[in-house]
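If you want the building blocks of each chain, they are given just below.
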Amino acid sequence: MPNAQVTKQNRRKFLSLFPLTVVVGVFTSIAAAGFRFLRPRITQTGSENWTDVASVSELQGNLPVPKQIRTEHYAGWAITSEARKVFVLPAKGNQVLSAICPHEGCEVWWEKDSNQFSCPCHESYFAADGSRLSGPARRGLDQLPSRVQDGKLQVLYEAFENNSAEQIKRA
Amino acid sequence: MSDFKSVSLNGTMSRWLTTTSGVVLMLLFVQFASGLLLSFYYVPSVDHAYTSVAFIEKAASSGSWIRSLHHYGSQWLPLFVFLHLFRLIFCEAYKYRKLHWIAAVILLGLVMAAGATGYSLPWDARAFFSTRVAEGLLGGLPVIGRMARLWLLGGAEISTLTLSRFFALHVLVTPFLILLIVGVRVAKQSGGNVCWETISRNAIAAGVIFLGLALWTLKFHAPLGPSVSDATAEYLPRPGGQFLWLYQTLKYLPGSLGSILGVVIPGLALLVLLTLPWLDVAMLRSLSRHSQQLIATLILGVAAIWIVGMTSASYLSDRRDPRTRQQLAKQAAEEDTFRRTPFRQVALNMSAETSRNPPPGVYATFCASCHGERGEGATQAKLKFPPLIGVTSKPHRTRDDIIGLLNDPESYGLQAPMRSFATKLTEPEKREIADWVVTLK
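These protein sequences, in sequence, are chains A and B.
1 is the number of the first residue of the first sequence in my numbering; add one for each residue after it.
172 is the number of the first residue of the second sequence in my numbering; add one for each residue after it.
Cβ pair distances, simulated, as ranges:
#1 A:169 - B:486: 55 to 61 Å
#2 A:148 - B:391: 53 to 59 Å
#3 A:41 - B:405: 34 to 40 Å
#4 A:159 - B:514: 21 to 27 Å
#5 B:350 - A:95: 57 to 63 Å
#6 B:508 - A:148: 45 to 51 Å
Residues of chain B placed beyond 12 Å of chain A at every Cβ, according to the derived structure:
#7 310
#8 316
#9 358
#10 391
#11 427
#12 440
#13 480
#14 496
#15 568
To be clear, the hints were calculated from the coordinates, so they are not data collected in a lab.
Just so it is clear, CB atoms sit at the ideal spot from N, CA and C, and this is done for glycine as well.
The shape of chain A in the complex, shown without the other chains (with noise of 0.2 Å):
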């Protein structure tokens, strides 16, 4: 091969080298900017964030009293109030069980005829202490950190993840 013909191929195989780089810095700074800008925030909201369920003085019987509590979400520039159900146990000294399915985050339902939870999307049932009877869920009814202060009974709401035998809470 002459001479003049390798220079060139060599010129042409350097020359090509600039258009790689500059679309690799260009595309490597922005998708690094990209990365740091998506990268998904876990806030923490306070972990004494106790909510009010009921006073304790209404909370009497063997079944499970349904209650709504209210919990903040900060979510970026926003901050969201969502509904949360949970059941009372006052058998069980108050106990407090979160309404949502540990299956697939469907929310139970307390069933008086036959005296169980139910999840009404893909039918797992829970006893009324929460433990798990049958159907896809993997574990009972997540039970939620509660105490009593000045006669009212209070709620640490926490969110688990789904789909695991164990108790496990999400970040």
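Add chain B to chain A, keeping to what the hints say.
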């Protein structure tokens, strides 16, 4: 990346002048990429647009840089498309590469339109006033002015619909048209011979300009003025660099003459440039052998002189007047302070307000099913449950009245379905409900 056979540009300097297409392509990529990223957080509603932009600017990692890239990129892009058009004139592209020429002219119009629609999106005071100006310019057009204004605003007044329209035009319509034009142009280009030297030179130029833009945006942040509601009467709105010429021009023109010079004449100029490949007619040839080149050079030359002149006049005018200079410096300082203060989230809806003043549990149990979670009232079939918000402004609705009403609703003129809670609630529980209801304003 054109390598025109018919008209070659020789010499090192001339070869570097052919790199504008590479720079334009790079800037378009930057605009698309940064715009795409911004759209992940931006909310096109007058209630939340400003907050979401402030979040991008102050809280999101790299948000300020990405926004600045998008902001200044939108100012550099028309400049390089303009230079690209100039270099196409000297290559006589309107004769030999008609598609290249037409694509470049349309691209210039589209990037200006993208800049104009994007300028309103942060919905700060500056954006709001620029929307007002855009509205006025369109409204002043002869014959179609009123309709054009209504269609742009989505109604008779600037509203959240206007912002939605600007957003749709900015992120869907213009980018789609730009992609279409660039796609056709690049597809046509890839059909020809690829000259690695030209591509390399374009890439080097694009790399240098990107580096310049990246450094510039690290030093200078995209502006974000006060929100519309926070702007004082003294606030002086100034448009972005690419529209300063128009801003300054409008100072000299009375009434709807501004619409003629701001919209009609630029539109006509683009139309003439667009039809330039077919303007090689005998009449013009008799005047000059290079009549098309003359027309294009004249239009772009006058535009360049006008833009540079008016932009400089605008800068000088702001600098000369001490009061204006002082106010602009004050605004810049306030923007700087705002940027440095930590971002504060806003409550999104009524429910969030409720979370600040939550109803007592006993209200949620006994009252919320009829009067609403925060006393907003409700309707169930034919039954109407009155709102409790602002109930204390009515006669006989003090805190003690509310307790009395809970014990004996009939004595307060209330009938079923309101029932007595005399035995259902303890006295402290009634007080708790009454205490909360009187706070509802």
